[in-house]
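Engineer: Remember, my numbering sits 9 above the position in the sequence shown when you count from 1.
Simulated from the structure, these hints should not be mistaken for laboratory data.
The C-beta atom is built at its ideal place from N, Cα and C for all residues, glycine as well.
Among these hints, one or two may not hold up.
[To be verified] FRET-style restraints, in silico, Cβ to Cβ: (1) D12 to P94: 37 to 45 angstroms; (2) S14 to N91: 30 to 38 angstroms; (3) S15 to D92: 23 to 31 angstroms; (4) I41 to P94: 32 to 40 angstroms; (5) Q52 to T87: 18 to 26 angstroms; (6) G44 to D92: 29 to 37 angstroms.
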Amino acid sequence: MIDASSVAEIVAQYQKHGWTLRRALLSPEGTIAFGVLLGNIEQLESDFDALWFSRFSKPELESWELRRLTALPFALLTAASNDAPSDGREAALSEIEEEMRERTFA
Numbered sequence: 010m011i012d013a014s015s016v017a018e019i020v021a022q023y024q025k026h027g028w029t030l031r032r033a034l035l036s037p038e039g040t041i042a043f044g045v046l047l048g049n050i051e052q053l054e055s056d057f058d059a060l061w062f063s064r065f066s067k068p069e070l071e072s073w074e075l076r077r078l079t080a081l082p083f084a085l086l087t088a089a090s091n092d093a094p095s096d097g098r099e100a101a102l103s104e105i106e107e108e109m110r111e112r113t114f115a
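Generate the whole structure from the sequences, applying the supplied hints.
Structural biologist: Okay, structure coming up:
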C-alpha cells in the first residue's frame, strides 16, 4: 500500500489534467489510511484500494478512470455517453472494477 502523501500527489496530478475525483474504493486498511484525506467523496468498501476519476473527453462523452493505489501505477478506463442511463454507467463501472480486481489478485 502507498502512503497518504502519495495518494494526495495522485489526486493533484489528475486534477491538474482536468479530472475530478468522484469516489474511492477502499479496503478497511485503506479507509484508515486515506479516509480522512479523501474527505467527503463517496467511499465504498472494497477488497482493493483505488480511486475513480472522471472528466468530459468530448461534450457528449464522459471518461472514467479507475486508478489503483499501489506503488506500481495502473489504471483502467471506460467512457459513457451523457445521455446513457445512470444504471448503464454504473454497470460499466462495475465491469471495470471487476477487471481491476482480477488483475490485482491474479
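Engineer: It remains to establish, for every hint, whether it holds in the given structure.
Structural biologist: For each hint, the structure was consulted:
1. D12 to P94: 37 to 45 angstroms: The hint (37 to 45 angstroms, Cβ to Cβ) holds, given that D12 and P94 are roughly 39 angstroms apart.
2. S14 to N91: 30 to 38 angstroms: Roughly 35 angstroms apart at Cβ, these two residues keep to the hinted range, so it holds.
3. S15 to D92: 23 to 31 angstroms: violated, 37 angstroms
4. I41 to P94: 32 to 40 angstroms: holds, 35 angstroms
5. Q52 to T87: 18 to 26 angstroms: Distance hint for Q52, T87 holds at roughly 20 angstroms.
6. G44 to D92: 29 to 37 angstroms: holds, 34 angstroms
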